[in-house]
Amino acid sequence: MGNFTLNSITHHSSPSRSAFIGVHRRLRLLFELAFNVKADKSPGGFRYIGKKRRTKEDPRFVMGRGRFVADVALPGMKHVALVASPYPSARIVSIKTEAALRMPGVRYVLTGEEFCAATDSLAIGVDAPKVTRYALARDVVRYAGEWVAAVVADTRAIAEDAAELVEVDYAPTPHVNDPELAVKADNPLVHPAHGSNILFHRRFVWGPVEQAFAKAEHKLSLRAVWGRSSTVPIETFGVAAQWDPGLQILDIWASIQMPKFPDQTARALRLPGNAVRVHYDVDVGGSYGGKRGIKHTVLAGYLARRLGTPVRLIEDRLENMRGGDAHGPDRIFDMQVAFDRDGTIRALRIRALDDVGAYAGRAPLQLGKPVSAICGPYRVTAVEYEPTSVMTNKTPQEAVRGFGQSPTNFALERTMDHVARHLGMDRIELRRKNLLRKDEFPYRIPSGSTYDSGDYHTVLDKALKAADYPALVVERDKARRAGLLAGIGISTCLEPSGGNSAFEPLFNPKNDTTTWMDSCLVRVDLSGAITGVMGTSSAGQGHETLVSTVIGEILERDPADIRVVRADSLSALPSNSPVGSRMAIMLGGAAAGAARKIKEALIEIAAHNLGCTAESVEYQEGNVAVRGHPQKHMAWDELIAIAHRKYHRMPPGLEPGLQAKFVWEVPTGGALPTADGVIQIYPCYAFETHIVYVEIDPATAKPELRKYVCGHDCGVMINPDIVHGMTYGGIAHGIGAALYEKFAYTDDGQLASGTFMDYLIPSALEIPAITIVDHCTPSPLTTFGQKGSGEAGYLGAPAAVAGAINDALAPLGAGIETLPMAQDDLWHVIQGARSARD
Amino acid sequence: MSETLYAIAVDVNGTRRTARVPARLSLVDWLREELRLTGTHVGCEHGICGACSVMLDGEPVRSCLMYAVQADGHRVTTVEGLAHSDGSLSVLQDSFCQAHGLQCGYCTPGMLIAAQSLLDTTPRPTDEQIREAIGGNLCRCTGYQQIVDAVQHAAARLAAKT
Amino acid sequence: MRAGSVGEACELLRESGDDVKLIAGGQSLVPMMAMRLTRPGRLVDINEIAALKYIAIEADVVRIGACTRQCVLERDDALAARVPLLRQALAWVGHVQTRNRGTVGGSLAHADPAAELPLAAQVLDAKMMLRSTAGVRSVPAGEFFVGPLTTAAEPHECLEEIRWPVWSGRRTASVFTEVSRRHGDFAIVAAAAQIALGDDGRCARASFGLSGGGTTPLAFPKLAARLMGTRLEEAVVQSVAHDAASELDPGSDLHASAGYRKHLAAILTARVLHAAHAQARNVK
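Residue numbers (numbering that gives the first Met the number 0), protein chains in the order written: chain A, 0 to 837; chain B, 0 to 161; chain C, 0 to 283.
Simulated from the structure, these hints should not be mistaken for laboratory data. One should not assume that every hint holds.
[To be verified] Simulated restraints on C-beta separations:
hint : chain 1 : residue 1 : chain 2 : residue 2 : range
1    : C       : Arg35     : A       : Arg64     : 45 to 51 Å
2    : A       : Leu246    : C       : Gly3      : 55 to 61 Å
3    : A       : Gly104    : C       : Glu14     : 25 to 31 Å
4    : A       : Pro171    : C       : Glu153    : 54 to 60 Å
5    : A       : Gly812    : C       : Arg181    : 25 to 31 Å
6    : B       : Gly86     : A       : Ala809    : 57 to 63 Å
7    : A       : Val662    : B       : Ala6      : 37 to 43 Å
8    : B       : His83     : C       : Arg74     : 25 to 31 Å
9    : B       : Ala8      : A       : Ala640    : 56 to 62 Å
10   : B       : Ala6      : A       : Glu113    : 52 to 58 Å
[Claimed, not checked] On the chain A side, residues computed to face chain B include the following (Cβ under 10 Å):
hint : residue
11   : Glu56
12   : His417
13   : Arg420
14   : Arg443
15   : Ile766
Small disclaimer: the values here were computed from a predicted structure and weren't measured. The beta-carbon is built from N, C-alpha and C at its ideal position, and this holds for glycine as well.
Let the sequences and hints guide you as you build the complete structure.
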């Protein structure tokens, strides 16, 4: 890479440990005081938490009674189809809409000229004000598939027919596809006003990197490439918008998983925040990070107001793949590692070049989140990290499960495997040597995050045992003797969780956001029934089950009887949405906080009526009795009645009714990065180790995954079935990224894999049976010791599969460091190795 | 461009439904938009993801690849037709709940159709047979493991009943 | 429009010219329409023509109605006994949902160069019976598949029946195999072979073919002839497989390069020949 003149800052740092440990310890103390938490954090010590329980959500879905956005029918609703650019880069010369407008049933054709003047550019996560973004192109198109016009009609079919009649005259201009070219001058600029294609670049140096490289006995470098894939849920993004002129409110129903969604929608539409009401009781058909349809929503919202009718925009699959702006990381890692002959890793240099596409929202920050676990689960005291986010004429990226951590884990694990091979050392032994030990926690990594807790060696051992590793080695060697290529892959990876998105101010100092709260309201009604209220949407993570289980745990009442509803954005408490594996921690913590307030109120009412202090009564399953005098008690029903109806028996100062809200800031959050880029990012660190066995028929080059074991430690699991489910799913998704899925581009900038015929999502026949073995190292920072786990599986699977494939190729003296490792690529590698030998 | 409408009569979940539909209306759109049976979902509209699977005369087909007019005279079963007539869940549906064989629920109706069809013909399927039966139904949430477990659970319960 | 008989279908085809297409299972046609790659003004639905749904087992041929569902073919044991290659090929065709609706005639008329049933038709030299208002004509598979998604059927003709030859030899076996990216995907390369051994254990009859290697599925009668009289020794099989692969001119696409396809062609040809041979030897 060349020298950069934009945003290029080099820092050397000797960060002070005490400041951050101090914050950490203080927060923990405050937390424990606030909650009087002496909760037994072992899985066995809970009443409902950690037990196998059916979820609240499953019944409606098996009945076919989910309510997805396409199921929302608004009277008079009109439908949108998009006109998309066929060129990766072009000037829009003219747009003729007359023929389309003449078609019966067509209501409107909107172009960028009107739309971009009437709305504001969408938010971007880095400091690049000239890189503006709208749902419709104005004057130029920057990627093939970019939306140029929106047709609104009585039916989607008519809208699609009419979209074909919109005549757009383009003057194609040169485009750039290759990120390594795009960073260099003298290549086409995607946003000329920005001055270069580099959206973000910084070089962080944490610890004595140069010295470590100078002193180390060995060094090696490698390139590892993470191909462009994404979450690609089975449900595409969709939004329905309705403007009520009487109330002056824009109602939004969307398949959404996005922080600050109502706020950004309002801002772009130039509406006050309280004029947008997002309905979170829409079931989201899978998201895994990617359903951030802010451009679709602003478009639909604008049309709804403009036309005075409800408007629905549901992506068809091609619109989703090409123009939905939900591609994932597309990253080239150049790694350097310094290590000693005994395998001790001394230092890492990580360069990451990520092709973010033609526009950006939060996606560049996917280079920032991995700062929270930049050296993985290993003891490395010197790390240099140089991320670059570059624009090309491709579909823009959006968040993908793990927000950049999985590509980074892949690069780290490939590096470890290379080190092991270089030294002739066993890959597991190398990891054992460098993995942090149980007694080293809390452990602060050079970039400033403290890992809260972990017992990596035990999880590794459990996984090896479950895989019967020695037998697996025998099986592999036997397969090799029989002429197959066979390999075992191992990865040991972290899942940072909790969603303290401090990479926002890290990557954009002008954005001094440090608040990452979530909240919950609990109410007990007149009949004694309990309801929890949450203020965000869910895409299968089981939040209703989470919240009801937590409330039930605190109040000692059966979660089966606890209902969880979702408030809309106007009546909801603040939320930052389910991102960064944060909900078990944050929503769980908020629900617990609210439930505890209810419990305290009940205790106070009882104490007042029993004529004693709160300290001298005991709460049990909603009933309160004087300690040592069980006959002096008050039952749940009586307490509820007093709270709701009998003000004359209420303790002074206590609000009537029985409802409480709790808003919780993320643990360890609240600080800004130092000038050297040192900052605590996510609070809790779950850990996974994957062991994969693959066989490749050398003649056909087709890999078959024959065994898959995952050791997983996310602290206390609130609902094991839910956690396991997401882990299996994450592994499947990771296998897809490793072997099958790719958004491939032709030289002339066309997306070649825009349908499910070419973008290959693994079926039940590609995903093997998976065994998960659990371990629990509770987090000291959370209510019940839970860590987040929504991104589990995906964060370690690609690394392990890559390790297995490379182990299989090793006897040929060959390797492959680019994902996905498709059959054709494997065949080329195998052929290349063979002819090199012959 | 006025569209000719064709009269159709289709047995949907045990009830005879009549309608007048244009030729180009797909079966899935008719079920969802006209009959408001929104349990069947659209994922790709080109016959790969299986989210639109319904039973046609008792066998799973992709309703996005059929036109409503083609269902005339036939029997269609959607996810809404899998429960018992008293509304209680079928053994398979209940097993999906017991084994948590779903998360977001979007692919679930198609999975249930495919799995129910398998159990109708193969009472004690192997894991391999289950994966083959749901091989045309893509899921992004579950990694398929708990779905396979759910079908096995249902198979065992059905076998115990007989 | 729904046609009640094949005669009616042919009438409709003749009247409407180029703007009409037949729709049977729709498993290939409808995705193309959804992606707007083909836009017939009208569809003639032949799914309900009972007269086109049959499996008629005769002495040396099996006649199958074009609208017979693939799943029906798959389950028919009598058919599997006479023309085993069909059940073997069908195991690779799509998924359960595909085969429940797809028809044998539909797959053949669609003529995807990587599809399984067209390959089986080539290897067995099946005969396509094409009906129009002018009558019926028979076209052998080798002449039927003309190019990618292109057959010798005229726009006004309807594929009515397919005739699959039955090999009479006792020691006959067939094998179908395929390499694809995922289970049920179109083949990168598929190979099929049918071998009959004489009482002397030598090859009395052989046929094999490949799909995915060119613009149509291909049979290799001249190369197969080289197997006659041999015991399919390694050297003979390798030579035939190598030469078959050399005849191919496959394209490269997202999923497989031309080189990989040619390589697979040779590998899979050898495999199916050896496997068919081994199975034929084991017939008691």
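Here is how each hint holds up against the structure:
1. C:Arg35 / A:Arg64: 45 to 51 Å: Violated: the Cβ-Cβ distance is about 33 Å, outside 45 to 51 Å.
2. A:Leu246 / C:Gly3: 55 to 61 Å: 56 Å, holds
3. A:Gly104 / C:Glu14: 25 to 31 Å: Because 29 Å falls inside the window, the suggested range holds.
4. A:Pro171 / C:Glu153: 54 to 60 Å: 40 Å, violated
5. A:Gly812 / C:Arg181: 25 to 31 Å: 29 Å, holds
6. B:Gly86 / A:Ala809: 57 to 63 Å: 58 Å, holds
7. A:Val662 / B:Ala6: 37 to 43 Å: At roughly 59 Å between Cβ atoms, Ala6 (chain B) and Val662 (chain A) fall outside 37 to 43 Å, so the hint is violated.
8. B:His83 / C:Arg74: 25 to 31 Å: Holds, since His83 (chain B) and Arg74 (chain C) (Cβ atoms, about 29 Å apart) stay within the stated range.
9. B:Ala8 / A:Ala640: 56 to 62 Å: 57 Å, holds
10. B:Ala6 / A:Glu113: 52 to 58 Å: At roughly 43 Å between Cβ atoms, Glu113 (chain A) and Ala6 (chain B) fall outside 52 to 58 Å, so the hint is violated.
11. Glu56: 7 Å, holds
12. His417: At about 29 Å, which exceeds the 10 Å cut-off, the nearest Cβ of chain B leaves the hint on His417 (chain A) violated.
13. Arg420: Violated - the Cβ of Arg420 (chain A) stays beyond 10 Å from chain B, reaching only about 30 Å at its closest.
14. Arg443: 34 Å, violated
15. Ile766: Holds, because the Cβ-Cβ distance from Ile766 (chain A) to chain B comes to roughly 5 Å (cut-off 10 Å).
Of the numbered hints given earlier, the model fails hints 1, 4, 7, 10, 12, 13 and 14; all others are met.
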